[in-house]
Amino acid sequence: MTKTKEYAEQLRALGIENMYENNFFLTWDKTDDEIAAVFAVADALRDLRERNISTKIFDSGLGISNFRDNSTRTRFSFASACNLLGLEVQDLDEGKSQIAHGETVRETANMISFMADVIGIRDDMYIGKGHAYQEEVAEAVKEGYEDGVLEQKPTLVNLQCDIDHPTQCMADMLHIIHHFGGVENLKGKKVAMTWAYSPSYGKPLSVPQGVIGLFTRFGMDVVLAHPEGYDVMGEVEAVAKENAEKTGGSFTKTNDMKEAFRDADVVYPKSWASFAAMEKRTKLYGDGDFAGIDALEQELLKENATHKDWECTEEMMSLTKDGKALYLHCLPADITGVSCKEGEVAASVFDRYRIPLYKQASFKPYIIAAMIFLAKVKDPASALEELEKRGQDRKAF
Amino acid sequence: MTKTKEYAEQLRALGIENMYENNFFLTWDKTDDEIAAVFAVADALRDLRERNISTKIFDSGLGISNFRDNSTRTRFSFASACNLLGLEVQDLDEGKSQIAHGETVRETANMISFMADVIGIRDDMYIGKGHAYQEEVAEAVKEGYEDGVLEQKPTLVNLQCDIDHPTQCMADMLHIIHHFGGVENLKGKKVAMTWAYSPSYGKPLSVPQGVIGLFTRFGMDVVLAHPEGYDVMGEVEAVAKENAEKTGGSFTKTNDMKEAFRDADVVYPKSWASFAAMEKRTKLYGDGDFAGIDALEQELLKENATHKDWECTEEMMSLTKDGKALYLHCLPADITGVSCKEGEVAASVFDRYRIPLYKQASFKPYIIAAMIFLAKVKDPASALEELEKRGQDRKAF
Amino acid sequence: MTKTKEYAEQLRALGIENMYENNFFLTWDKTDDEIAAVFAVADALRDLRERNISTKIFDSGLGISNFRDNSTRTRFSFASACNLLGLEVQDLDEGKSQIAHGETVRETANMISFMADVIGIRDDMYIGKGHAYQEEVAEAVKEGYEDGVLEQKPTLVNLQCDIDHPTQCMADMLHIIHHFGGVENLKGKKVAMTWAYSPSYGKPLSVPQGVIGLFTRFGMDVVLAHPEGYDVMGEVEAVAKENAEKTGGSFTKTNDMKEAFRDADVVYPKSWASFAAMEKRTKLYGDGDFAGIDALEQELLKENATHKDWECTEEMMSLTKDGKALYLHCLPADITGVSCKEGEVAASVFDRYRIPLYKQASFKPYIIAAMIFLAKVKDPASALEELEKRGQDRKAF
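Sequences listed follow chains A, B and C, in order.
The first sequence begins at 11 in our numbering and counts up by one.
The second sequence begins at 11 in our numbering and counts up by one.
The third sequence begins at 11 in our numbering and counts up by one.
Read the hints as simulated data drawn from the structure, not as lab findings.
Note that the structure is predicted; figures quoted are calculated from it, not measured.
Check each hint, because a few of them may be wrong.
Identical copies go unnamed one by one, so any copy, or any two together, can satisfy a pair.
To be verified - In silico BS3-like links for lysine-lysine, alpha-carbon gap of 25 angstroms or less:
#1 268 <-> 197
#2 318 <-> 290
#3 351 <-> 293
#4 405 <-> 13
#5 66 <-> 405
#6 251 <-> 312
#7 15 <-> 139
#8 15 <-> 388
#9 256 <-> 268
#10 290 <-> 13
#11 15 <-> 334
#12 152 <-> 369
#13 66 <-> 399
#14 405 <-> 388
#15 312 <-> 263
#16 15 <-> 405
#17 13 <-> 334
#18 388 <-> 66
Assemble the whole structure, with the sequences as input and the hints as a guide.
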């Protein structure tokens with residue numbers, strides 16, 4: 011039995027009929043079966059590509075990307091995913107300004123979507139706005155489809171919002187699954203999602219939130235650690251708690267980085283701005299108060315600087331399970347003495363985990379492709395088998 | 011008989027041999043048969059796509075876009091059209107500056123066209139220049155082809171110039187044809203192409219010009235209405251008059267918006283700058299007189315502001331045939347109380363026509379694709395039949 | 011026997027096994043057989059395209075471009091080459107700033123390459139840095155491939171560095187080969203690679219260097235002429251000397267433009283900045299000394315202006331073999347009275363050679379495609395024959 015057939019069998023055992031023609035906003039909107047399906051399809055697509063078998067399911071069609079914040083990794087991941095499936099990427103370049111909502115969003119969403127099969131949006135800058143914007147776009151094209159304006163309903167893929175970063179966190183999790191040899195081995199593993207010092211400010215909350223919202227579904231013991239005042243959104247903490255209760259894992263919080271690292275199997279030390287600060291900044295942007303923003307930045311940098319001890323050093327790593335926890339980062343990391351004077355992680359730690367880190371990142375294009383595949387293909391299991399049977403070379407010679 | 015066969019039969023009855031290897035600059039360069047062919051191919055391509063049948067006629071090749079003015083709608087329409095036919099879009103980003111003419115144009119046109127099958131250009135900012143530039147580019151690549159520099163002759167598609175906006179106006183017209191149930195039902199219908207107030211200034215003349223130049227070919231009664239001083243190009247009015255005489259319709263002018271709206275079947279209220287103002291601005295840009303441009307802008311905005319009563323209100327709409335004229339706009343519209351304080355159209359009117367407006371826009375990708383198809387395919391009728399017979403899925407599963 | 015079969019036979023006679031999975035940095039890294047193979051494949055791909063036969067060897071996959079200096083010609087050539095082979099271009103837009111090296115380069119290179127089959131880089135601004143950067147990227151993705159991060163090893167194609175401009179110079183040479191009716195007719199032909207005056211400053215050295223490094227391999231008498239102080243890199247001159255000795259040609263230098271032009275069969279008059287000036291500028295950029303850069307620019311422009319007599323005039327051309335040397339330029343040229351007041355070449359000379367110049371440029375997309383083809387296809391001779399046999403139309407109707 012080929013791997014493709016194995017993945018197809020896995021899919022057939024899952025309840026995933028709601029994924030067809032649906033969107034991907036937040037991992038906690040999805041059932042366990044749906045999450046499992048994304049992993050299965052991601053692995054299946056990767057296996058086919060590794061065997062030089064084309065996974066193009068589209069002969070033509072567009073994938074629209076809209077990056078309302080800088081991006082290199084996710085931009086290339088989205089482009090790779092679209093290309094892998096046969097879609098051509100068109101970028102909607104709106105700039106980073108807070109653009110109009112309501113009618114303008116509805117109209118633009120439809121105007122760019124006449125031949126769009128997927129829309130990928132990154133909008134992580136403003137608390138309370140990114141996810142709302144994505145929902146607005148998805149609702150607009152759904153209406154457009156129902157009203158006969160659009161011939162197909164584009165799927166929305168969240169490429170990072172203010173709440174979640176599902177393509178990142180699911181790539182992280184697939185990496186963990188492969189690292190520990192299967193999802194069945196994750197129960198009881200301890201994960202430390204911790205804040206870390208960075209000389210920059212205002213990094214989005216979507217990664218720590220996405221991690222606690224997703225990792226708690228696998229029976230793991232997830233610890234969220236940060237200095238006082240760097241809280242994430244309460245609603246996501248509630249999701250994490252609920253998940254942990256259901257799966258027999260746990261979700262705890264601490265203001266002590268060492269406590270989080272102690273005996274951890276996985277560590278994810280990463281800087282972020284506090285929810286309260288992000289809210290303040292969002293309001294200042296809304297008011298166009300740029301002096302206020304500058305003042306806030308100075309204040310936050312000063313506050314950050316009081317927590318330079320939140321660094322993933324060799325000493326910290328030595329606290330982890332056998333001193334060998336799997337170190338994760340969404341990249342780019344602020345590496346002490348390399349990309350900055352003092353940062354999130356010691357150079358020697360980062361360097362030791364370089365290859366695993368790159369592998370972690372390598373899952374993202376496949377995760378995105380899987381999200382699109384599951385939204386666009388009515389019978390994904392059979393489609394995978396058909397692709398294998400079709401056996402078209404990706405590279406001909 | 012499939013729709014494809016019907017469209018193929020329609021095409022076979024038309025004299026369209028001059029379209030092959032030709033360009034699309036202005037609708038009034040084209041015969042009635044050629045205009046009808048664009049509509050037939052646009053509808054045929056759409057029908058095939060709706061039946062999930064691929065219309066890729068290119069296995070590889072580039073579509074070059076050159077937007078010398080901002081664009082979202084037309085940019086995505088061009089990208090969609092190219093993708094639908096199998097061409098990959100490459101954007102030539104020259105910025106909005108008035109670039110050099112003569113040798114530089116000739117050279118650049120050839121340098122980017124070694125593998126280009128189509129070049130789409132928007133150049134609508136400068137009166138007397140946009141169309142001339144497009145002709146220059148088309149002449150350059152024609153020479154390049156004849157001299158053996160290029161292996162194929164790229165087709166030029168006018169994505170808006172200073173004179174006409176054929177992809178927009180033909181999309182508008184195809185929308186009207188579908189709305190009234192066929193081109194045979196248009197005779198005697200009254201169309202009001204009217205100026206409307208906008209808080210911005212300097213909108214191109216190409217839409218009103220394109221509309222009067224095209225709509226008068228269908229035996230309709232076309233009224234052009236604007237405040238005194240907002241005249242469009244005289245040469246296009248002459249085209250409209252001549253068209254009207256030939257087809258038994260009429261072309262009239264008025265400075266009274268109500269007169270235009272009275273008993274109209276179709277209304278197209280939209281802001282534009284006057285021809286004289288655009289000429290002045292073009293000269294100032296040529297002289298690099300930016301203070302002069304600023305002064306002109308202030309003057310024109312002040313002038314505009316004396317015509318705020320030129321708004322498509324409910325009261326205005328009530329004057330139209332049964333109060334139910336088809337409302338058109340090329341989008342985005344300046345909607346009173348929505349996208350601006352006072353604008354071209356009342357929010358309630360716009361909202362009532364939202365879906366038809368989006369449908370109107372949805373024809374543009376197919377109109378562009380049809381223009382390319384007719385320029386690139388020697389026997390378009392048979393090609394459509396072959397595509398249907400080939401029956402390749404656009405989406406495989 | 012078709013041309014395809016002839017080219018395949020030529021390839022079979024060449025030792026090119028090292029090209030597979032390799033990069034293309036500098037022409038002098040490559041053996042004579044490898045250079046010959048690029049020309050053969052370029053001609054073969056062009057012949058297939060002219061016969062409307064698809065040369066797509068990829069069903070999906072990305073071609074990454076990274077232009078760290080402005081480019082229109084090379085950008086479109088790279089896009090055309092990728093499209094011709096079935097790859098979609100994704101541009102990595104880093105801006106023109108001198109970006110970080112070391113870890114950052116390694117990481118970014120891997121992050122964008124998960125589905126990349128080729129990476130094309132232009133980095134010609136800074137002496138001592140462009141080539142080094144390209145090697146760094148190539149090394150990074152090689153490591154990524156070996157470490158299992160990347161499923162395929164992207165090929166690096168040098169789209170111009172501080173040392174060489176191989177895609178340009180090989181296009182130039184293929185043009186010469188066709189002009190003189192074959193590589194066997196080049197022995198003893200005189201080539202004048204000369205400096206010429208330009209009102210701009212700081213043009214890269216890569217073209218003159220690439221020309222003397224490549225053209226000396228064909229038994230030609232290559233003369234490098236420039237005013238005192240406009241020397242190119244000594245290491246490249248050494249390459250040219252060594253080449254000339256091996257092939258029975260010659261490489262000489264002069265400060266007299268007329269001496270270079272006298273009896274020349276080929277002339278290539280073109281402006282460049284001196285090696286010393288480029289080194290100085292690189293240092294100033296490194297120091298962020300923008301006042302120093304401005305001062306240097308003024309100094310260099312003043313120095314340039316003392317050499318306005320270095321112009322390719324009709325008088326100069328009359329010195330060449332029968333007054334009819336083949337005039338080359340990488341374009342765009344500074345044409346006296348056309349693109350500038352006083353420049354590299356007289357308008358009448360340029361105009362007489364316009365068509366050959368455009369043809370010269372037309373080889374570049376095929377040269378780039380050939381470089382990719384030879385790096386990606388294990389048995390290029392058989393692959394060409396297979397493509398012919400497959401006989402898929404590039405344009406279907």
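* To do: Check residue 152 against residue 369 for me: Cα-Cα at most 25 angstroms, and say if that holds within a copy, between copies, both or neither.
  => between (36 angstroms within a copy, 14 angstroms between copies)
* Given identical chains, is residue 15 near residue 139, meaning Cα to Cα at most 25 angstroms, within a copy, between copies, both, or neither? -> neither (42 angstroms within a copy, 50 angstroms between copies)
* For residue 405 vs residue 388, is the C-alpha pair at or below 25 angstroms within one copy, between two copies, both, or neither? -> between (27 angstroms within a copy, 11 angstroms between copies)
* To do: If the cutoff is 25 angstroms on CA atoms, where do residue 15 and residue 334 land: within, between, both or neither? Let me know, please.
  => Neither. Shortest intra-copy (35 angstroms) and inter-copy (58 angstroms) distances fail the 25 angstroms Cα cut-off.
* Can you give me the call for residue 66 and residue 399, within, between, both or neither, at a CA distance of at most 25 angstroms? => both (13 angstroms within a copy, 22 angstroms between copies)
* Can you tell me if residue 405 and residue 13 fall within 25 angstroms by alpha carbon in one copy, between copies, both or neither? -> both (20 angstroms within a copy, 24 angstroms between copies)
* Within, between, both or neither, where residue 13 and residue 334 count as close if Cα-Cα is 25 angstroms or less -> neither (31 angstroms within a copy, 61 angstroms between copies)
* Alpha-carbon proximity between residue 388 and residue 66, which holds within one copy, between copies, both or neither at 25 angstroms -> Classified as both: same-chain Cα gap 15 angstroms, cross-chain 24 angstroms, threshold 25 angstroms.
* Pop the pair residue 15 and residue 388 into one bin, within, between, both or neither, using alpha-carbon distances up to 25 angstroms. => Within one copy only: 17 angstroms inside, 30 angstroms across.
* To do: Measure nothing new, just compare the shortest in-copy and cross-copy C-alpha distances for residue 312 and residue 263 to 25 angstroms and report within, between, both or neither.
  => within (24 angstroms within a copy, 61 angstroms between copies)
* Asked: Given identical chains, is residue 318 near residue 290, meaning Cα to Cα at most 25 angstroms, within a copy, between copies, both, or neither?
  -> within (23 angstroms within a copy, 39 angstroms between copies)
* Using 25 angstroms as the alpha-carbon threshold, which applies to residue 351 and residue 293: within, between, both, or neither? -> between (31 angstroms within a copy, 23 angstroms between copies)
Hint violations for this structure: numbers 6, 7, 9, 10, 11, 17, all remaining hints satisfied.
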